[in-house]
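A.B. asks: Generate coordinates for the entire structure from the input sequences, incorporating the hints supplied.
For the record, the sequence lines run as chains A and B.
Numbering follows the numbering used here, in which position 288 of the first sequence is assigned residue number 288; successive positions increment by one, without gaps.
Numbering follows the numbering used here, in which position 5 of the second sequence is assigned residue number 5; successive positions increment by one, without gaps.
In case anyone wonders, no lab produced these hints; they're calculated from the structure.
One or more of the hints may lead you astray.
For lysine to aspartate or glutamate, the following EDC-like pairs were computed, each having C-alpha atoms within a straight-line distance of at most 16 Å [to be verified]:
{"#": "1", "chain 1": "B", "residue 1": "K75", "chain 2": "A", "residue 2": "D100"}
{"#": "2", "chain 1": "B", "residue 1": "K75", "chain 2": "B", "residue 2": "D154"}
{"#": "3", "chain 1": "B", "residue 1": "K75", "chain 2": "B", "residue 2": "E117"}
{"#": "4", "chain 1": "B", "residue 1": "K75", "chain 2": "B", "residue 2": "E122"}
{"#": "5", "chain 1": "B", "residue 1": "K119", "chain 2": "B", "residue 2": "D135"}
{"#": "6", "chain 1": "A", "residue 1": "K156", "chain 2": "B", "residue 2": "D96"}
{"#": "7", "chain 1": "B", "residue 1": "K140", "chain 2": "B", "residue 2": "E122"}
{"#": "8", "chain 1": "B", "residue 1": "K140", "chain 2": "A", "residue 2": "E189"}
{"#": "9", "chain 1": "B", "residue 1": "K75", "chain 2": "B", "residue 2": "D109"}
Some chain A residues well away from chain B (every beta-carbon gap over 12 Å; in silico) [unchecked claim]:
{"#": "10", "residue": "G81"}
{"#": "11", "residue": "A173"}
{"#": "12", "residue": "I184"}
{"#": "13", "residue": "A238"}
{"#": "14", "residue": "L260"}
{"#": "15", "residue": "R318"}
It should be emphasised that the depicted structure is a prediction, and the values quoted were computed from it without experimental measurement.
Glycine included, every Cβ here is placed at the ideal spot set by N, Cα and C.
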Amino acid sequence: MPTFIHASIWRRYAHLATAILLAAGPVAATRGLAAAPAYAAPERASAHEPDPQFSLTVYPSRVDVPPGAGRHATVVHIKNGGNAAVPIQMSAAEFTQAPDGTLTFQPPGSWSATSWVHTRPQHFTLPRGRTRKVHVQITIPDRPEPGERYVGLLFKTPAVPAAGNILLQRSIAAKLFISVPGTISRHIEVGQLQAPSLSIGGAISLSLPIHNRGNIHQDYVHPHGLSARIGEQTLRFADFTVLAGSTRLVTAEWPDPPLLCLCQATISVPDGTGKTITRQVPITIVPLRETAGLLLAAAGLLLVLQASRRRHRTALARARQQGYHDALNQDDAPRHDHHDSN
Amino acid sequence: MRRFTPSAVLGACGGASLVAAGLVVMLGNGSSALGDEVNGQTQANVSVASAITLTGLTPSFTLSGLPNTTATQDKAVSYRVTTNNTLGYLVSVRADAAALTAQDPANPDTIPISDLEVKPDEGVIWSPVGNNDVDVVHSKDSPSAAGGDLLQDDYRVHIRNVRSGTYSVTLTYTAATR
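C.D. replies: Listed below in structure tokens is the structure:
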């Protein structure tokens with residue numbers, strides 16, 4: 001009995017609490033919505049959206065210095081598109097290229113070509129909205145090794161004291177491809193075109209290693225970029241450059257291959273001397289997933305049919321048996337009519 | 001019926017000839033002018049340089065935590081890279097020192113820079129920050145979106161059993177075309 005009293009009291013309190021919540025809900029919701037745009041939203045935006053106060057543009061981002069005299073001059077521009085003046089410190093670093101195309105700027109060494117490059121001015125403050133020319137003087141020493149040297153011009157803005165304990169220094173690079181007078185060697189070696197020999201469906205990735213054994217870079221840029229032919233389809237590789245002495249592993253994706261195919265991918269790579277190197281790879285596409293799905297569906301259908309037939313047979317047998325029993329019952333039933341009539 | 005005197009006829013003929021000659025000269029000039037417009041095409045060349053822009057890189061951030069824990073900050077660094085370079089771009093980071101050092105000169109403890117790790121916000125693999133090797137945090141083999149690509153990096157630090165204090169280091173972010 002006390003349990004019943006308790007339950008009824010709780011139920012009454014629960015109804016009361018629900019009523020209070022329903023009444024207060026709209027007020028709380030209105031207050032929340034009103035407060036959110038004023039305080040929470042701007043904080044979130046400033047936390048993850050880059051601050052446009054700082055914006056630096058460098059152009060051109062690459063300068064090809066032609067072979068010629070020992071001295072060459074060029075100009076690189078830097079524009080301050082931010083809202084505040086920016087101090088700029090110039091420096092130079094040689095860079096190397098990884099197979100995935102990323103560049104690593106090396107610290108200056110004793111044989112570094114960074115000593116060939118002099119910029120004027122070395123450091124300056126760039127007011128907001130202003131563009132400044134940086135004059136670059138390249139002086140190639142006597143009897144250098146022929147070929148190309150790769151130097152990055154780094155436009156650095158020193159880190160400023162700030163609230164955080166990890167300070168960030170910003171830097172943008174313009175690349176100099178410096179041709180050194182002498183014998184130019186163009187020598188591209190192409191590895192095997194790689195693709196899955198058997199695909200069970202879905203996108204197919206093609207990759208091709210390209211080694212530049214020469215002493216000058218090789219650009220594969222549209223309209224002279226690389227593309228693979230697979231039947232009637234053409235797969236374009238993204239534009240890329242292979243620096244002298246570097247290896248690139250370039251890839252292209254075949255996003256929508258057919259369901260079934262015994263095909264061959266072919267690629268022709270200009271080696272820079274007017275010749276082309278051709279590579280091929282066979283690709284077999286079997287719609288394994290679709291076939292498995294169809295088989296599974298067929299097996300399921302077969303099971304359903306068998307079960308249905310079994311049920312039908314059972315029902316038929318039961319009906320027959322029922323009919324037999326009914327007939328028996330009918331035969332065994334006492335013939336009252338006959339007796340009654342007698 | 002009106003009669004013309006020979007001088008009037010001659011004058012009229014001369015005038016007509018002059019008008020005709022003028023017209024021929026004019027049309028001649030005109031046709032050459034038209035020819036310039038029709039056949040001689042005026043070519044407008046717009047020189048577009050390959051450019052790269054770095055916008056709004058976070059100037060600093062803080063990682064704080066207790067000893068023997070890992071302090072993490074998602075999206076600690078945000079910035080935009082804009083480029084029209086068809087080869088794409090890359091962003092790398094390098095520390096300017098081999099360790100995070102205490103701001104208090106009396107504190108000799110340090111946190112090795114390899115204990116500071118970075119990953120792109122959308123990535124899953126953390127890479128230790130180096131001061132000799134660079135970490136390429138973002139790399140793309142095509143131009144950025146017209147308004148720039150928004151890039152964000154997460155950071156974490158494994159805090160050793162060091163004295164309490166503020167340990168700091170400067171990282172250099174470099175954006176370049178590929």
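A.B. asks: Now, for every hint given, state plainly whether the structure supports it.
C.D. replies: Hint check results:
The straight-line distance between the Cα atoms of K75 (chain B) and D100 (chain A) is roughly 25 Å, outside the 16 Å bound, and the hint therefore fails. Distance hint between K75 (chain B) and D154 (chain B) is fulfilled; the C-alpha atoms sit about 5 Å from each other, no more than 16 Å. A C-alpha spacing of about 13 Å is found between K75 (chain B) and E117 (chain B), which places the hinted pair at or below 16 Å, so the restraint holds. Distance hint between K75 (chain B) and E122 (chain B) is fulfilled; the C-alpha atoms sit about 10 Å from each other, no more than 16 Å.
Among the hinted pairs, K119 (chain B) with D135 (chain B) is consistent with the structure: their alpha-carbon atoms are about 9 Å apart, no more than 16 Å. Only pairs whose Cα atoms come within 16 Å are accepted, and K156 (chain A) paired with D96 (chain B) is accepted, the gap being roughly 13 Å. A C-alpha spacing of about 14 Å is found between K140 (chain B) and E122 (chain B), which places the hinted pair at or below 16 Å, so the restraint holds. Taking the CA atoms of K140 (chain B) and E189 (chain A), the gap is near 25 Å; set against the 16 Å cutoff, the hint is violated.
Taking the CA atoms of K75 (chain B) and D109 (chain B), the gap is near 28 Å; set against the 16 Å cutoff, the hint is violated. Chain B draws G81 (chain A) into its interface by the beta-carbon criterion, the shortest separation being 7 Å against a cut-off of 12 Å. The claim that A173 (chain A) lies off the interface is violated: its Cβ sits roughly 4 Å from the closest Cβ of chain B, which falls inside the 12 Å cut-off. Under the 12 Å C-beta cut-off, the non-interface status given to I184 (chain A) relative to chain B holds; the minimum distance is some 22 Å.
For A238 (chain A), the condition that its CB be more than 12 Å from all CB atoms of chain B is violated, with the nearest at approximately 4 Å. Even its closest Cβ contact with chain B, about 31 Å, leaves L260 (chain A) beyond 12 Å, as expected for a residue assigned away from the interface. The claim that R318 (chain A) is not at the interface with chain B holds, since no C-beta of that chain comes within 12 Å of its own (minimum 61 Å).
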